[in-house]
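Using the sequences and the accompanying hints, generate a full structural model.
First residue of the sequence shown? That's 335 in the numbering used here, and the numbers climb one at a time after it.
Source of the hints: derived by calculation from the structure; they are not laboratory data.
Among the clues, some could well be false.
As the list claims (entries may be wrong) - Keeping only pairs whose Cα atoms sit at most 20 Å apart, straight-line, the calculated DMTMM-like set for lysine to aspartate or glutamate is:
1) Lys349 - Asp467
2) Lys349 - Glu389
3) Lys349 - Asp359
4) Lys349 - Asp515
5) Lys535 - Glu513
6) Lys349 - Glu474
7) Lys349 - Glu375
8) Lys349 - Glu508
9) Lys535 - Glu508
10) Lys349 - Asp363
11) Lys535 - Asp363
12) Lys535 - Asp359
13) Lys535 - Glu410
14) Lys349 - Glu410
15) Lys535 - Glu440
16) Lys535 - Asp467
17) Lys349 - Asp369
Model, not experiment: these values are computed from the prediction.
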Amino acid sequence: MPQRRLLLATNNPHKVTEMRALLGDIPFDLVTPQDLGLTLEVAEPHATYLENATEKARSFADVSGELALADDSGLEIDALGGEPGVRSARFGAPDMPYPDRFALIEGRLAGLPPAQRTARFRCVLVLAAPPPDARHLHTEGVVEGQIAPAAHGTAGFGYDPIFWLPERGMTMAELTPAEKDAISHRGRAARAMATILRGWK
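Here it is, written out as structure tokens:
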């Protein structure tokens, strides 16, 4: 019997790499939109990660006819009232380079001591079955940290270079991929989702 397929509902190659590593032991063949010849861009207009991730997962499941897994994630900075949050990928401007976003954030946090620079990464994963099943469920992962006053490290992507992990004494971008997967928001959400997928009927 052919192995069931799970569509990773993202066009972000960094997320595909992370999810393949995190979900490597589930009984599914992990495929991407490119593998299936799909060209689909899903808007993220909602106010919550769950709504955005659900929109993506349902859209990809409906179009592909495959079980689909989507995420929405972001950086929440307490001193900025939780910004950039669900707008993390569009903070400042949709195509703004991340170093410019780092500078924008630092400009707003300038002078604050570490204790007032607390932040977290949050990830919500949504699994959606195609019609006629149309079930969907979600998991969530969070990692706490602080905003570093300057970027450090070249691993990871997005805001990783300014996300300081006090217990590690380094930023997320200074971790190896395996170290990051063990503690990251996406890693925590994915491990919970993997448990669900291993029992999926």
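Requested in this report: Compare the structure with the hints numbered earlier in the document and write down the numbers of the violated ones, lowest to highest.
Outcome: 1, 5, 9, 13, 15
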